[in-house]
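Using the sequences plus the hints, can you model the full thing?
If you use the numbering used here, the sequence shown closes out at 431, no skipped numbers anywhere.
Source of the hints: derived by calculation from the structure; they are not laboratory data.
Watch out, some of these pointers could steer you wrong.
[What the hints assert, rightly or not] Have a look at the derived ranges for each label pair, beta carbon to beta carbon:
1. N179 to P346: 43 to 53 Å
2. E426 to K361: 20 to 30 Å
3. E286 to R61: 34 to 44 Å
4. G28 to K310: 23 to 33 Å
5. E306 to S369: 38 to 48 Å
6. D314 to Q246: 23 to 33 Å
7. E114 to D405: 42 to 52 Å
8. L217 to L110: 14 to 24 Å
9. K58 to P165: 49 to 59 Å
10. K243 to N179: 47 to 57 Å
11. T382 to N179: 17 to 27 Å
12. L372 to D405: 51 to 61 Å
13. V428 to L110: 51 to 61 Å
[What the hints assert, rightly or not] Taking lysine to aspartate or glutamate pairs in the EDC-like style, the calculated list, with each CA pair at most 20 Å apart, reads:
14. K374 to D412
15. K135 to E172
16. K336 to E151
17. K401 to D412
18. K58 to D35
Glycine included, C-beta positions come from ideal geometry on N, C-alpha and C.
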Amino acid sequence: MKFNIYTLGCKVNTYESEAITSLLEEKGMILTSNDLEADVIIVNTCTVTHTSDSKSRKMLRSLANKNPNALIVVMGCYSQLNKEEASQFANIVIGTTNRTGIYDFIMSYLNTKESINVVDELFNDCSYEEMRVNKLTKHTRGFIKIQDGCENFCAYCAIPYSRGPIRSRNPESVISEVNDLVNQGVNEIILSGINTGTYGYDLKTINLAKLIERICLETSIKRIRLSSIELMEITDELLDTIKKYQDRVANHLHIPLQAGSDNTLKRMNRKYLTDEYRTKIKQIKEMFNDVAITTDCLAGFVGETEEDFKEAIDFIKEMQFASMHIFPYSRRKNTKADSLDGHLNPAVIHNRASIMIETAKVLKQKYESNFLNKTVSVLIETTKKGYYIGHSSNYLEVYVKSDIDLTNKFCDVLITSIENDIMKGEVVCVL
Numbered sequence: 001m002k003f004n005i006y007t008l009g010c011k012v013n014t015y016e017s018e019a020i021t022s023l024l025e026e027k028g029m030i031l032t033s034n035d036l037e038a039d040v041i042i043v044n045t046c047t048v049t050h051t052s053d054s055k056s057r058k059m060l061r062s063l064a065n066k067n068p069n070a071l072i073v074v075m076g077c078y079s080q081l082n083k084e085e086a087s088q089f090a091n092i093v094i095g096t097t098n099r100t101g102i103y104d105f106i107m108s109y110l111n112t113k114e115s116i117n118v119v120d121e122l123f124n125d126c127s128y129e130e131m132r133v134n135k136l137t138k139h140t141r142g143f144i145k146i147q148d149g150c151e152n153f154c155a156y157c158a159i160p161y162s163r164g165p166i167r168s169r170n171p172e173s174v175i176s177e178v179n180d181l182v183n184q185g186v187n188e189i190i191l192s193g194i195n196t197g198t199y200g201y202d203l204k205t206i207n208l209a210k211l212i213e214r215i216c217l218e219t220s221i222k223r224i225r226l227s228s229i230e231l232m233e234i235t236d237e238l239l240d241t242i243k244k245y246q247d248r249v250a251n252h253l254h255i256p257l258q259a260g261s262d263n264t265l266k267r268m269n270r271k272y273l274t275d276e277y278r279t280k281i282k283q284i285k286e287m288f289n290d291v292a293i294t295t296d297c298l299a300g301f302v303g304e305t306e307e308d309f310k311e312a313i314d315f316i317k318e319m320q321f322a323s324m325h326i327f328p329y330s331r332r333k334n335t336k337a338d339s340l341d342g343h344l345n346p347a348v349i350h351n352r353a354s355i356m357i358e359t360a361k362v363l364k365q366k367y368e369s370n371f372l373n374k375t376v377s378v379l380i381e382t383t384k385k386g387y388y389i390g391h392s393s394n395y396l397e398v399y400v401k402s403d404i405d406l407t408n409k410f411c412d413v414l415i416t417s418i419e420n421d422i423m424k425g426e427v428v429c430v431l
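The following block contains the structure:
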């Protein structure tokens with residue numbers, strides 16, 4: 001049988017799709033990018049915003065119409081929270097558990113032609129579902145999922161309901177997978193989770209700092225990068241560990257801010273205020289030269305006043321972020337924010353998001369300009385329009401020309417120009 005898989009949403013979803021691909025190929029199924037020849041089409045969905053739900057539904061409907069003979073499987077966060085709706089578009093509905101049983105579900109459906117819906121109540125199951133990637137199909141950098149679940153219950157967010165409580169992966173499994181990827185030639189891994197910084201909370205015997213140290217000591221991976229990590233989980237121990245292994249841990253932390261106003265942060269049920277955020281960022285910048293601090297922000301949250309928004313813009317400018325992901329607030333049913341008074345007009349929300357995006361663009365340009373005529377180490381990942389493209393330790397995306405194949409190689413690159421938001425450089429040497 002041939003199958004295709006589509007992934008919407010975050011890095012965790014990317015990892016899980018890679019793991020499902022590995023599992024199905026081990027069973028003898030063949031990955032194809034041709035939907036018309038696929039016997040099975042899998043959609044790994046997202047529900048982080050209202051738009052994400054809409055994209056999931058649209059993709060499922062489109063694929064079913066494109067190949068009406070294909071068996072359609074839906075899994076992920078959208079189907080976890082909308083299992084009945086998802087069943088209108090798919091023959092097999094899986095949530096954010098039971099994914100390792102996908103091959104058996106496919107075989108069962110082919111034998112019986114009976115629809116399957118195996119979405120579990122998450123808070124009745126606190127075990128981590130072990131998944132692993134045996135080989136990469138789409139990335140030269142390797143995502144490694146180490147944690148699932150979130151218990152922060154921010155007022156705007158549906159993810160704790162779609163992913164359930166904190167569960168951490170066995171460290172031996174993480175180490176084993178890192179070594180497998182190293183043996184395949186992978187040079188960078190990204191440690192990912194729904195709430196990555198809580199790794200080990202449930203295991204009691206390990207935490208994120210200790211896991212990073214074990215990876216550095218027990219594998220030969222050249223670069224470790226952390227995915228998004230909450231401010232409250234950036235401990236002194238974690239920073240000291242990153243400092244100790246700074247030649248192998250990326251000089252980049254993605255720390256969600258969400259709002260630069262204390263009033264808004266309180267309504268969001270975030271676990272810090274701006275002064276705590278400011279203090280931590282100052283500590284990090286004092287420890288690590290040229291560190292990239294990137295972030296997420298919501299624009300137009302419920303009850304956000306003009307003064308709140310002005311405070312947010314001023315705080316963002318003060319923090320001097322290297323890069324930002326900006327999202328207009330999206331109303332999510334069954335979240336605390338949904339029942340709050342003060343929902344803003346969509347036009348106001350999108351106008352504030354546009355202002356925030358422009359602010360982020362200016363800050364990104366300012367950060368990148370610091371590296372003109374400087375040399376950075378870049379891991380080349382892909383090619384486009386005659387350029388080799390990769391990222392530095394501090395997540396600068398760099399374009400270079402070369403007569404030799406640089407894919408998956410570290411190169412020292414002299415940054416020579418920034419044109420139309422594209423950073424270009426010349427290869428000084430290949431490491």
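Here is what the structure says about each hint:
1. N179 to P346: 43 to 53 Å: Holds, at about 49 Å.
2. E426 to K361: 20 to 30 Å: 26 Å, holds
3. E286 to R61: 34 to 44 Å: 52 Å, violated
4. G28 to K310: 23 to 33 Å: 60 Å, violated
5. E306 to S369: 38 to 48 Å: Violated: the Cβ-Cβ distance is about 31 Å, outside 38 to 48 Å.
6. D314 to Q246: 23 to 33 Å: Because 31 Å falls inside the window, the suggested range holds.
7. E114 to D405: 42 to 52 Å: The hint (42 to 52 Å, Cβ to Cβ) holds, given that E114 and D405 are roughly 50 Å apart.
8. L217 to L110: 14 to 24 Å: 46 Å, violated
9. K58 to P165: 49 to 59 Å: 31 Å, violated
10. K243 to N179: 47 to 57 Å: For K243 and N179 the Cβ distance comes to about 25 Å; the hint is violated.
11. T382 to N179: 17 to 27 Å: 24 Å, holds
12. L372 to D405: 51 to 61 Å: Violated, at about 27 Å.
13. V428 to L110: 51 to 61 Å: 56 Å, holds
14. K374 to D412: Holds, at about 10 Å.
15. K135 to E172: OK: K135 and E172 at ~18 Å, within 20 Å.
16. K336 to E151: 14 Å, holds
17. K401 to D412: Holds, at about 13 Å.
18. K58 to D35: 16 Å, holds
Of the numbered hints given earlier, the model fails hints 3, 4, 5, 8, 9, 10 and 12; all others are met.
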